[in-house]
Structures are given as C-alpha cells and as structure tokens.
Amino acid sequence: MALAAAQLQSACVREQGAHCASSFRWSCDPSAPQQFGYPITSSTCAASTTSHGMSESLRSELVSGHAAEGELAIVGSIICMPSKVLPFNDLVKLSFLTSTVFRDFGIRQEHAVEDWQSLVSTIDLLPQVPDSVRRTFSIAKNLFVLSLFVYEFGTVSIHYSGLVLESGIQNRWNLTMPMRVTLQCGSDILHDHSPLVPRYQSGMPQARLEESTCERKGVSKFNEKTDQGPRI
Amino acid sequence: MNGKAFPNSMKKLIKALESEGILTAPGAEKANELIKVCRHMLSHLEFAPLLFPDPQALRDAADLVNKMFASVPNPPLLRGWV
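Quick note, the sequences are listed as chains P and Z, same order. Just add 277 to the spot in the first sequence (first one is 1) and you have this note's numbering. Just add 12 to the spot in the second sequence (first one is 1) and you have this note's numbering.
FYI, nobody ran anything at the bench for these hints, they're computed from the structure. Every value quoted in this text rests on a predicted model; they were computed, and no experiment measured them. It is possible that part of the hints are untrue.
Said to hold, decoys possible - EDC-like, lysine to aspartate or glutamate: derived pairs with alpha carbons at most 16 Å apart: (1) Z:Lys24 <-> Z:Asp72; (2) Z:Lys23 <-> Z:Glu41; (3) Z:Lys79 <-> Z:Glu32; (4) Z:Lys79 <-> P:Asp401; (5) Z:Lys16 <-> P:Asp401; (6) Z:Lys48 <-> Z:Asp72.
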C-alpha cells in the first residue's frame, strides 16, 4: 500500500506540480503519523485524489498496477487508498483514549484487560428475562469490554444499554397482556392472540398496532405477501 | 386494546407499566431519562457524539430490567419463549 501511495503521489507531482504533492502528503500518506490515533480514512484520500484532477490515462495506468493487488480501492470514478490492514498485535493494542480514563476506575495499566472486564462482570440479568433482551445485553457488555481497544465502542455500548431497556420494557408490557386480546381501531374490532404469540415473528406492540391499522384500511402487510384477501 | 388506549410510544409504555405497579414512580422517571439519553439521543444523530465509556449506563439498564422481571416466575411457561 505504501508503494501505491508513493506512486500516486509522484503521479500527482508530474501532473499538477509541487503544491499537489504537499497537500497529497498531508492527507493521504499512510506513513504519516496519525492524528489523535485515528487512522487515515478512505474518504479523506478520495476527496484528495479527485481534487487533483488526475487525467484518465494516468488513472488507468495506476489502477491497472495496483487494483488487482488490493492496494487501491476504486469507488466509481474515484481512487481510494484502502484502510490499513492491521496485524493482530496492533489491532488489540490498548486505545490511548481509553487508557486515559484508567485512573478514574482504579485500573492498573499492566492488568488493564482483566480489570476492565471486571467492571462489567458483576452486571447481569435475571434468568426469567427473555432471550432477546439478554442477547442485546450481551452485545452491550461485549462492546464495553472492546472499548478498551476502540474508544468509540464505549458510546455504542451506552446506546445498546438503552436498547436493552427498551426491549425489556416492551417484553414486560407484553407479559401483562392476557392470552386473548381485543384490538379496536375506530369501528373495527379484532379479537386476537396477545403479542405473546409471535404470529408474524414480531412481538413488539408497535408492530402490532401498525398491522391493526393496515387491516382497518383493508391493506394488510401480511396479506400483501401471501396474496390473500383482507382478514377483516 | 382491551378497552385501554394502546401504548404506541415508549413514554406511554412506561406509564402503563407504572400504572400496573411493575415500575415505581422513581423507576419510571429513571427509565424515561435512560431511554432519552441512551436510546433517542444516540439514535438520531446530526453529528457523531463520543461519550465516556462508563459501565453505569449498563448497570442502570440491567437494574431496571431486573426490577421489572422480578415478579415474573422462572421459567415462564409461555409460548414463543426461547
């Protein structure tokens, strides 16, 4: 990839002059130090290479040599430098940003992996919590642990905590329903199983209401798929 | 549904659980706050926010879910349960 970048840069110099080379190096050189630990993205490079207005012949010449080897990515008419393929040791390197908060949790650098996991190891759900909630919770926990390596996963973990609660609330409300329910929308009445019975592989109340509304209008989503007439 | 208004939003669902005695008033308030901060504010993005990786949100969500399901028998004898 470094070779491809160098050739791309020298091609820019040939066509556009020194100014192009300096701006190219600033945004696209994969050997340049990373700012704040974030890798150089493909989109940055794409914007850069198109702004240089490289000729079609030069572009084809470069692409033919490197695209096949996976050193250049082509998105439409734009040449992109692919993201870095990191070796295992670099991939699991502790995130600099996460390590700055170790002291807040009393975590020692040398036992960071174990200590970080122990922060969430005691948080768990009761056995009677439905599987869909448990699965979301498990993802949230794993994301928190992985934020040790990618700081941004901490934010996604918090988002998933919200999803755990949302799923828990919906599932718990479903449990308050009797096995048979009456749905009424205007003058239309539907006697049906409660949302506990996942007839359409969906137990969420919002989805049920939507189905009910569709049926009131005589346009059932379910029936559209099976070519049957309206159920009401 | 069953003579009651259908709770077609998360706020109404939380209120319904509170009226059933499944959530306490402080619990419902906490649930509303968590849903607002962790769910809605991180779903509808105009820019990508970065939050401090804090296990407290996970702990709060798990506590609320556990409180809601504490009164459910284990294992629940219901169809569709995995």
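How the hints compare with the structure:
A hinted pair counts as satisfied when its Cα atoms are at most 16 Å apart, and Lys24 (chain Z) with Asp72 (chain Z) does not qualify at roughly 20 Å. A hinted pair counts as satisfied when its Cα atoms are at most 16 Å apart, and Lys23 (chain Z) with Glu41 (chain Z) qualifies at roughly 10 Å. Between Lys79 (chain Z) and Glu32 (chain Z), the direct Cα distance comes to roughly 13 Å. Compliance with the 16 Å bound is thereby established for this hinted pair. Among the hinted pairs, Lys79 (chain Z) with Asp401 (chain P) is consistent with the structure: their alpha-carbon atoms are about 12 Å apart, no more than 16 Å.
About 34 Å separates the Cα atoms of Lys16 (chain Z) and Asp401 (chain P), which puts this hinted pair outside 16 Å; it is violated. With a C-alpha separation of about 14 Å, the suggested pairing of Lys48 (chain Z) with Asp72 (chain Z) holds against the 16 Å cut-off.
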